[in-house]
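Novice: Protein chains in written order, with the UniProt record's numbering: chain V, 1 to 276; chain Z, 1 to 276; chain X, 1 to 276; chain R, 1 to 276; chain C, 1 to 276; chain S, 1 to 276; chain P, 1 to 276.
Hints are supplied without guarantee of correctness; some may be wrong.
[To be verified] Heads up, incomplete: computed chain S residues facing chain P, CB under 10 Å, no partners named:
1. Val72
2. Leu172
3. Lys175
4. Asn193
5. Gly221
6. Val222
7. Gln243
8. Lys255
9. Val271
[Unchecked claim] Pairs of lysine to aspartate or glutamate, EDC-like flavour, derived with a Cα cap of 16 Å:
10. Lys255(R) <-> Glu185(R)
11. Lys255(R) <-> Glu192(X)
12. Lys252(V) <-> Glu145(P)
Hints in this document: simulated from the structure, not taken from any laboratory.
The beta-carbon is built from N, C-alpha and C at its ideal position, and this holds for glycine as well.
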Amino acid sequence: MSATLSVSKIYNDLTLYTSHLIKIGTLLIMTIVAVKISTALINKFFENKSKLKIVGEEKRLDTIKGIIVSVVKYTIYFVGLTPILEIFEINIGSLIAAAGVGGLAIGFGAQSLIKDVITGFFILLENQFQVGDYVAVDDLSGIVEEMTLRVTILRDFNGDMHIIPNGTINRLTNKCRGSMRAWIEVGVAYEENIDHVIDRLNYLFDKIENENIIGKAQTLGVTNFGSSEVTIAIIARCTPMNQWDVERFLRKEIKNMFDKEGIEIPYEKRVIIQEK
Amino acid sequence: MSATLSVSKIYNDLTLYTSHLIKIGTLLIMTIVAVKISTALINKFFENKSKLKIVGEEKRLDTIKGIIVSVVKYTIYFVGLTPILEIFEINIGSLIAAAGVGGLAIGFGAQSLIKDVITGFFILLENQFQVGDYVAVDDLSGIVEEMTLRVTILRDFNGDMHIIPNGTINRLTNKCRGSMRAWIEVGVAYEENIDHVIDRLNYLFDKIENENIIGKAQTLGVTNFGSSEVTIAIIARCTPMNQWDVERFLRKEIKNMFDKEGIEIPYEKRVIIQEK
Amino acid sequence: MSATLSVSKIYNDLTLYTSHLIKIGTLLIMTIVAVKISTALINKFFENKSKLKIVGEEKRLDTIKGIIVSVVKYTIYFVGLTPILEIFEINIGSLIAAAGVGGLAIGFGAQSLIKDVITGFFILLENQFQVGDYVAVDDLSGIVEEMTLRVTILRDFNGDMHIIPNGTINRLTNKCRGSMRAWIEVGVAYEENIDHVIDRLNYLFDKIENENIIGKAQTLGVTNFGSSEVTIAIIARCTPMNQWDVERFLRKEIKNMFDKEGIEIPYEKRVIIQEK
Amino acid sequence: MSATLSVSKIYNDLTLYTSHLIKIGTLLIMTIVAVKISTALINKFFENKSKLKIVGEEKRLDTIKGIIVSVVKYTIYFVGLTPILEIFEINIGSLIAAAGVGGLAIGFGAQSLIKDVITGFFILLENQFQVGDYVAVDDLSGIVEEMTLRVTILRDFNGDMHIIPNGTINRLTNKCRGSMRAWIEVGVAYEENIDHVIDRLNYLFDKIENENIIGKAQTLGVTNFGSSEVTIAIIARCTPMNQWDVERFLRKEIKNMFDKEGIEIPYEKRVIIQEK
Amino acid sequence: MSATLSVSKIYNDLTLYTSHLIKIGTLLIMTIVAVKISTALINKFFENKSKLKIVGEEKRLDTIKGIIVSVVKYTIYFVGLTPILEIFEINIGSLIAAAGVGGLAIGFGAQSLIKDVITGFFILLENQFQVGDYVAVDDLSGIVEEMTLRVTILRDFNGDMHIIPNGTINRLTNKCRGSMRAWIEVGVAYEENIDHVIDRLNYLFDKIENENIIGKAQTLGVTNFGSSEVTIAIIARCTPMNQWDVERFLRKEIKNMFDKEGIEIPYEKRVIIQEK
Amino acid sequence: MSATLSVSKIYNDLTLYTSHLIKIGTLLIMTIVAVKISTALINKFFENKSKLKIVGEEKRLDTIKGIIVSVVKYTIYFVGLTPILEIFEINIGSLIAAAGVGGLAIGFGAQSLIKDVITGFFILLENQFQVGDYVAVDDLSGIVEEMTLRVTILRDFNGDMHIIPNGTINRLTNKCRGSMRAWIEVGVAYEENIDHVIDRLNYLFDKIENENIIGKAQTLGVTNFGSSEVTIAIIARCTPMNQWDVERFLRKEIKNMFDKEGIEIPYEKRVIIQEK
Amino acid sequence: MSATLSVSKIYNDLTLYTSHLIKIGTLLIMTIVAVKISTALINKFFENKSKLKIVGEEKRLDTIKGIIVSVVKYTIYFVGLTPILEIFEINIGSLIAAAGVGGLAIGFGAQSLIKDVITGFFILLENQFQVGDYVAVDDLSGIVEEMTLRVTILRDFNGDMHIIPNGTINRLTNKCRGSMRAWIEVGVAYEENIDHVIDRLNYLFDKIENENIIGKAQTLGVTNFGSSEVTIAIIARCTPMNQWDVERFLRKEIKNMFDKEGIEIPYEKRVIIQEK
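Chain V with its partners taken away, still in its complex shape:
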């Protein structure tokens, strides 16, 4: 009986080994095919895309394509080949369970790292800023000096180097996309005739020239009744990063014009009532 049993055992074993071999083969082929197909699909996707876009963007697209291809490839390999280990009766589950408590802890620790990379990927993909742009993230701002998948490095005007993990960038303000606004508020005495002041300002803005101003500066009107002065606002569109220059330029021109025209920028005034 032991003989018959072992024969049936061997039969079973053979069937099992054959089935194992078939499974492993199937898995290998499926995995490789999956990698090929997905790589091809990604390449095709980017080919179409790169035709539509300008030449200078090639490099950025290549970087993005490279990242996507390698992530997809290794994911497929990992997911596809794991069952082979299991066929050799090495229990993956228990390996992972064994690595579990520690792994979980590390996972939580590494979580912010993954968030950095994902956010970094989107900043790159959506072209939110480029090296050289002046950007603001919450209360930190500066010119982008370097951008990696994990961190963005800003150089503040005062020389500070801010190192910002991408995952902490929630909302971002790019100050180099399109024309910027110069905004000046100047107070004139209540005794002045507002129409006359606005007229003189507009005459000045017609005359002055500054390569950074787009179009002409404009007088908006009375934005506030202050305690000692009427506030008049002046606006000018200018090329990015030159708005502060333009504001300083306009302030000097206005000051000189006011001096010449005798328009008063008033000091604070107090009415005094003497009580006995």
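Starting from the structure of chain V, add chains Z, X, R, C, S and P where the hints point.
Specialist: Leaving out everything else, chains Z, X, R, C, S and P in the frame of chain V:
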């Protein structure tokens, strides 16, 4: 005995294979039917909806329909076809377990991405704002320049470009839906007769014309007893985005009228008591 | 022996199929009965409730009943019929496990959506506010323009449209339930006799008439010793949304009465000591 | 052999059914007994408790007892009778797993609801406040108008109705338990003799009568050297909700006494040095 | 064959029942022994501890011992006797799984309750404060009126009753442990001789007597150059809760001494330059 | 056949019992060996370490070694001996599952306790502060009076006793490691010659002697153009906890020197323009 | 029959033992090979890297390489050798489950420790700062005195020692990378001619010499119209850590030059109107 055993084995195997084939067939048919039905249902739902709405909204509805159809379709395919893999004794569970620790970590990292898309979908569905609207999100505001499922891009008045992930938009203020309010507070001396001032203001508001004011500006009354002046509030409904223009316009008109009527906008006053 | 085996097999299978049919039948009947009973219970619950309440509330109760009935119905169907799928040896567990990682991620993303709906349901159920009420949520306030299960839309006085997901509404202030308070603080000179001033104010409040004031305005007394004035507080109950009107009305009346009676609202005073 | 097999099968089945019946019976009896015992225990617990407490608290204790009894009862029924379903081979586990993803999401959403109820229960149990008390929760305050297990409704002095979910009440301030303090700070000139001023104030406090003051108002002494005045603090214990009345009453009395005694409440003083 | 089978069955069952009885017996004995031992250990631990400490602390130690004993006892009973239920083939796991979703939700809700009790236990154990102490928790402060495992009740000086769940107490400040500091800053004119002023102050502090001052008040020196005065700091150690009394006492004494010595507490000074 | 079956059964059982005994023995030996080895390793590690360090640190190292040894020992015992229980077929898993819901809740509650201990251990290990040091944690500061694994107790200068759980200590500032800085800013009139003032200050600093100043005080230069004065900064390194003494000492010396040299610390200045 | 059974048993056992031995051998070999390969790969990676970089960085790279090698090595050993324990039928899963509740709790507690180490590793890897750099983390700043994988120790200018766990460092500002900016704002009277002032300032900046200024200081222009003065901004690039010195140096030079040139830094001005 090994013979009889293997016969019964083959019988079992055959039964098993037949049952497998039936299961796979059933799954395929059920999956395809489910996709057909749900697509049809979604189409019908949007047909009814689009009849009720105006023509210009077609495009937005098409976008939404497209998103819903593809999400539903791929979910059904995935959920429906997974058991087939299991029939081939490729344990899905262990695949997922294997992909688990990493997947969880990525899942947490990608969580904010999913939140972005879901919130973006609702902004689109509920038509919370359109490109060109002036909106405020917490302390950032600007005109919507672009809106995708992941981010909303605002152009601030000073030229800044704010890039806001949709998932961080909790509460949103749209400043272009319906008429806006111009609000001016002007101080007059305690010595003035309040009824006279209000009378003169209302006379002015009857006379002036401004295409951006809806109806007429109105004097509300005394809103504060200040340290040196009685504060009078003026209100006007105006077309969206012109409220600041209207406020500046009204301020100049009021200033000119006060100059003419001799109504005093007082400087700060101090009563001085000389002590020996 | 293979014959006897297969006979016993068929016997087993038949027993199994019979038991399957019985189980499916039982499940179907139980599910349908459960739906019937719970619908009936909900209907009865609302019948009793609607007798007690006034007629105008019918519509709100119908909405709530409709939501509850459909939630309960679909939950019972889903929970009750799931085991049938399992009988066909389609493993629900593995379906769900397969849908797991993604589902969890979406679940986290959709979490705020569910919180919106639950909070929205309670706002409706507890009648916390109605369309047209003036409410405040944290630092946003306005008149409720629309209320859905997901969002509440407020129209601010300045025209802003605030879109607030219900889930972000923690604490809510309704400013239209019951009478509101007008509160005015007016400063009089230290030289004035307080009792005389209070007497004159109360005389004025007895005389004046304003449809928005409930009862009469009242002088509360001295609420502060300021640096240049004694602060006297005045209070009036008024109809909702008219408190600001009443305050402005009272301020003008008080100013006119003070002018007539010669009661001084003092400017800031400074005692000056000249040093050699 | 099939016969012997089926006999042994039937034997097994009979044994199984008998064992099932015994289990179901045991479970039913145990469940009912458990409900009886726990109800009895709760009743006894509250009987002892109610003997010790005053009569007016009966109603609150009844509410609490009712909540506890029903929670305990339904928990025992649910936990006790669930295994019966399992005996009928309806897998509870898979039902719950099926309801899992959705249930988890709802669970997270409903989490704040449960927290509301638990906190509400403790507020009731510990008698933290009663309807009519004046309480403060963070920056909201008002008189408690209604208190349910889910929300507390406060009526602010200005008429606002605050709706506060109990779960958001972390720390609570009850302003109606025990006597309250009236606190007045009055500034007198540096030229005054402090001992004389305190003497005059105490003389006044001995003389005046106010039903809301518990005992007598007291002069504490010099709490600050201000820029133009020495600050003297006055304290009085008073009945709850009347502290503001008492403060206004005392301020007027002090002002009148100071006028009579010639004690100066100084204006701000400046020493002026003239520079050539 | 059925006979032999059933004999072997009965043999198996008997073995099983015997093994069950042995297991139950073992569990009962082990559980009871474990309870005895742990109770004895706790008692012994506290015996040693109570010898070292003073008599007045007995009551607090008894409370703590009681809590520990009952927690340990019921935990051992619960953990020790659970397997018995399992022997009767009542699946504990499925009971708990059934109670799972709800239980998890309640667990999250009750989480803060457990945190309250644990923190409360540590406050008691570490004797962080006693009834009657004046403590501050974040921005709330008051005299401890009652302390339970769940909440701490503070009575503020103004009569407010703060109810603070222990779990929200992160950092705690006890203001009744050891001597407190009275701190006074007094400004003298720039014209004064600092050494003379300090000398006069120290002479005063030698002379005056106040039972609440520990040792003598001390003059620290010049802590600031103000805009119109040199600030001099004075310090005194005093018995707890009397620091404010001491500060007011010292301020009056200093004011009187300055008046007598002719030391000036200056008003704010301004240098005025007249411009033509 | 039953006989043969039971013989084979007994054979199996014997094999099982033998295997059990072997397993238990192996576990016991492995556990004990593991404890011995790890204790030896820890001892050796600390032996090496203690040779390098100074004698006074022995006690701190002993405390740390003690904690590590006991944690490691009990962990090994627990982990090593748990399988023995399982051999007796007492299912550990179900015990733990039974203790699950409650345990999880307690776990979450106790989480902050564990965080306290871990942070406390690192504070001790890294010698972040010692009893008697003056440290600041966020907005609380004081002299460390006691330090346990769970809490740190600070004594504030005003007598307050802050009880801070170690787990809430994120960032810590130790103000007793190395020399501290005294920093004084003194304003001089715009009319003064800056070089002269700096010269006089440096002359003073050369002359004065104070045991708490390390080296000499130094004049840094002009740190601000104020509205009425030029601000000059002075710096001095001093022994810890004496920086405030040194600052007061220097202020008095500077004031006296300025008086003697006739250098003016200016009052605020205003230029007055009289308007007709 | 028992004989045949036990023979077949022994056969099975032998097969099992052989398979065990093969598995253990395979695991050992695979583990050792994996360690060798990964160590080699890491070494090669760093070899390439170190060729490209400068010599001084060798030490930092060695540290990083050491950390990576040991982490990889122990992970492979742990993951690779765990299945061997399982072969001896010591259930790893139950060990871990047993260690579960406690482990999870500790895991959560230790989570911040792991986050510290991971962040510390990235700071080292990305060379974010070196010992001796002046850095700012949120509101704490100082010179880096020591940097470990767990904490960074900063020495503030005032002598404070800040101990900052690396995991709490989100965004970091390094103030020692590249040139820094000195920024001075100086106010001149409205009566001054702006062009003249700027001319005089630039003349001064051409003349003065300071080794810390890179290039020359520059006058930017008018940055504000103040209430009493026109604000002019001056900028200079300087070597790191000397910007404050340069600012003080420039301020003194400007003050001296203004004195010589008679340019007025104005006091605050007030226009006074006398009222009858």
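Novice: Each hint should be assessed against the structure and marked as holding or not.
Specialist: Right, here's what the structure says about each hint:
The restraint placing valine 72(S) at the interface with chain P is violated, with a minimum CB-CB distance near 13 Å, outside the 10 Å limit. Proximity of leucine 172(S) to chain P holds as hinted, the smallest CB-CB distance being about 5 Å (cut-off 10 Å). With its C-beta approaching chain P no nearer than about 5 Å, lysine 175(S) sits inside the 10 Å limit, and its interface hint holds. With a cut of 10 Å, the hint placing asparagine 193(S) at the interface with chain P holds, because the nearest CB-to-CB distance is about 8 Å.
For the restraint placing glycine 221(S) at the interface with chain P, the shortest Cβ-Cβ distance is roughly 3 Å, inside the 10 Å limit, so the hint holds. Checking valine 222(S) against chain P by beta carbon gives a least distance of about 4 Å; that is within 10 Å, so the hint holds. Look at glutamine 243(S): its Cβ gets to within about 7 Å of chain P, closer than 10 Å, so that hint holds up. For lysine 255(S), the interface hint is violated, since its Cβ never comes within 10 Å of a Cβ in chain P; the closest pair sits about 23 Å apart.
With its C-beta approaching chain P no nearer than about 4 Å, valine 271(S) sits inside the 10 Å limit, and its interface hint holds. With a C-alpha separation of about 12 Å, the suggested pair lysine 255(R) and glutamate 185(R) falls inside the 16 Å cut-off, and the hint holds. Simply put, lysine 255(R) and glutamate 192(X) have alpha-carbon atoms about 11 Å apart, close enough for the 16 Å limit, and the pair holds. Between the alpha carbons of lysine 252(V) and glutamate 145(P) the distance comes to roughly 47 Å, so the proposed pair goes past 16 Å and is violated.
In this structure, the earlier hints numbered 1, 8 and 12 are contradicted, and the remaining ones agree with it.
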